[in-house]
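J.: Protein sequences, first through last, are from chains A and B. For the first sequence, position 223 matches number 334 in my numbering, and the numbering has no gaps at all. For the second sequence, position 189 matches number 287 in my numbering, and the numbering has no gaps at all.
Each hint should be verified, as a subset may be incorrect.
Computed beta-carbon distance windows for the label pairs [unchecked claim]: (1) A/D474 to B/V339: 53 to 61 Å; (2) B/T130 to A/K437: 22 to 30 Å; (3) B/A240 to A/Q337: 53 to 61 Å; (4) B/A240 to A/S475: 50 to 58 Å; (5) B/K172 to A/E398: 46 to 54 Å; (6) B/K172 to A/A432: 53 to 61 Å; (7) A/Q233 to B/T130: 52 to 60 Å.
Just so you have them, the derived chain B footprint on chain A, three or more residues with Cβ under 8 Å [unchecked claim]: (8) 268-277; (9) 403-409.
These are computed hints drawn from the structure, not numbers from a lab. C-beta: ideal position from N, C-alpha, C; glycine also.
Here is how the chains run, residue by residue.
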Amino acid sequence: MTAHLVRSVDRRRFLQMAGVAGATGLLPLPGSIRRAFAADAAPLASTIIAGKSDKMIVHNAKLGVMETPLDLLRDHPFTPKEILYNRLHFPIDLNGGWVATTAPASAETTGDWTILVSGLVQRPKTIKVTDLEKMDQVKRISVMQCAGNGRSYYWAKGKTAGSGWKHGGMGNLTWEGVPLMPLLKSLELGPDPSVTFLSANGKDVPPVAGGADLIKSYHLSAPQLQNAILALKMNGEPIPTVHGGPVRLIIPGYYGNMNVKWLTDLMLMDRENPSALMQKTYRMPFEPVEPGKFTTQDMTQQNTVPTYGFAIMSVVFAPLAGQTVKAGNVDLKGVAWNDGVVPITEVRVSVDQGRSWISAEVDSSDGATAWHHWQARAALSAGAHEVWVRATDAWGRSQPMDGLTTWNPGGWNWHGVDKVAFQVA
Amino acid sequence: MNRAIALRDCAARVALAAALAWPAVAQAAGITLPPGPGANLVYARCQTCHDLQYVVDAKGLLPAQWKSTLAGMKDYGLTISADDEAAILAYLTTYLGPNPPPATALAPAGPGAQAPGAAANGRHVFEENCSACHGPEGAGQAGIYPALAGNADLAKDAGLPARVVLFGLAGPIEAGGASYSGTMPSFGHLGDAEIAAVVNYVRSAWGNAGGAGSIDAKAVAALRAHPLSSADVHAYRAALVSAN
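Work out the full structure, taking the sequences as your base and the hints as a guide.
T.: Structure, rendered in structure tokens:
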């Protein structure tokens, strides 16, 4: 046992107290040892993932699941690592806790890291991260968002399993790395003509023998795949370990679970991976379903689609829910985003519960897969008000006026018109 | 994941565990479930993969949804007997379903649920609460959950396993020359007599030496009165083990 693992504890007093001969052990602990947290309090984010802000809302400590309060999220055009939401699929301690930090991977880890590219190919190849570092890098600005973001709003219709995300399971980030598709081509793998899917796997492993691994599969012809990169940097720095460093597959416009962290394997295949984490979760039914009538166990490849691209969405960053603002011309602000395949063409805002709408000014200067910052102004008198916001893209895709219409047993893809109540005084 | 990757992972994990610091607290503070038949199985079986926040957050799921959720856990790797599955499902649909019994109707929770000094069967407590991770014969699981059979640390001090059961243990450890990285959740919801019984059981089962002295419910209650974090238990263990 190495000494640095022992945290601010007086070992000698432990030994005195424990009775090193071994027989006692039942003495009370010395006063220097105090419980690190109250029994009923949620642990602070920084104690789960080193470097995270303690203002994060913790949803599941063991899996490092946490979201960003909107009053922090709205302050930064690019979401800093300290407040970026997080979600892991296997216990954070499983690999010795090495991922539980916003610090980058060590030089040794990065130096040793390899990605095996295999599958239905004649010549499997191995790529080193150190080789990727020497290749031409491209930059992508894209939203990262949990497919469960907004899940708690579905609960007005019917409970679902999973964390009660509000809107803070997302961020806007810059990524730098090596374009995926040209790299695959340059490797001269000799893929079989039947290859239609790419599968990706990371270093994280399930906590029980034989458990389902988090392996994700994508259609190679999907437009978003053409923009995918093997990312080495986030916001200009080596990717924070907890967010997938030293190398993460980034597919701009795709939900978070598709952007495999700690990438170790790429497989060219003729079908989706059979892992339960691909087949039994992170899937949306094609048709409207009712609580208890259609469950996650009813999901098949025929009646559901994986949570690939973001459903078009917009949220209000100002005013925030419950806030009080000054009467007069009230500034209304927020962000909108979609899957990046076609541009967002309009963001409309209503302050009379949808009876009339005004077009917001939209700044799309960071590109198709980034946050589109919208703003509008409305003259409001004192009293209770609501602002609603709704984005539409070039294909006419928009947000349901009632978000509950897409209720589904996993609580995925919430993208209802955002409706925020606030006070004017 | 193929064998080559598994081997590579294994080597990398050992190196990384040695190279990187551990966060101070790696698990949720005690989340308590509504008391009821089957609650102990939920504590014992569900925290291998996620903490109980997911379970309590899902309060209100319809019976068909709980059934589907539990089936999903089996898809993800949960292995469970039909009896235990039925007991867990009955608990979840009753106490965390859409119409749970009012709190006032529930039996008292935790240590008070069992009269002090009441006899408990250590083997039974072990099988119900510990065997999912540590194995029915105490063999553990390589790299994650340490073996209890043949584990010399158990003989050092009954206070060590008792504190591990009461407060959990977070942080990488070495036992019998092997490294383990799993987190042990607190089983403080068990009664004092149950904890004493299971500690005495694992210290003497499978040919274990037992060590000096057994522990009784009163002694467990005394330890419970001085709560530790699971990281503190890790430090306590490290100090105890390195002294020998």
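J.: Could you run down the list of hints and mark each one as holding or not?
T.: Cross-check of the supplied hints:
| no. | hint | in the structure |
| --- | --- | --- |
| 1 | A/D474 to B/V339: 53 to 61 Å | 59 Å, holds |
| 2 | B/T130 to A/K437: 22 to 30 Å | 45 Å, violated |
| 3 | B/A240 to A/Q337: 53 to 61 Å | 42 Å, violated |
| 4 | B/A240 to A/S475: 50 to 58 Å | 52 Å, holds |
| 5 | B/K172 to A/E398: 46 to 54 Å | 26 Å, violated |
| 6 | B/K172 to A/A432: 53 to 61 Å | 39 Å, violated |
| 7 | A/Q233 to B/T130: 52 to 60 Å | 57 Å, holds |
| 8 | 268-277 | holds (count 7) |
| 9 | 403-409 | holds (count 6) |
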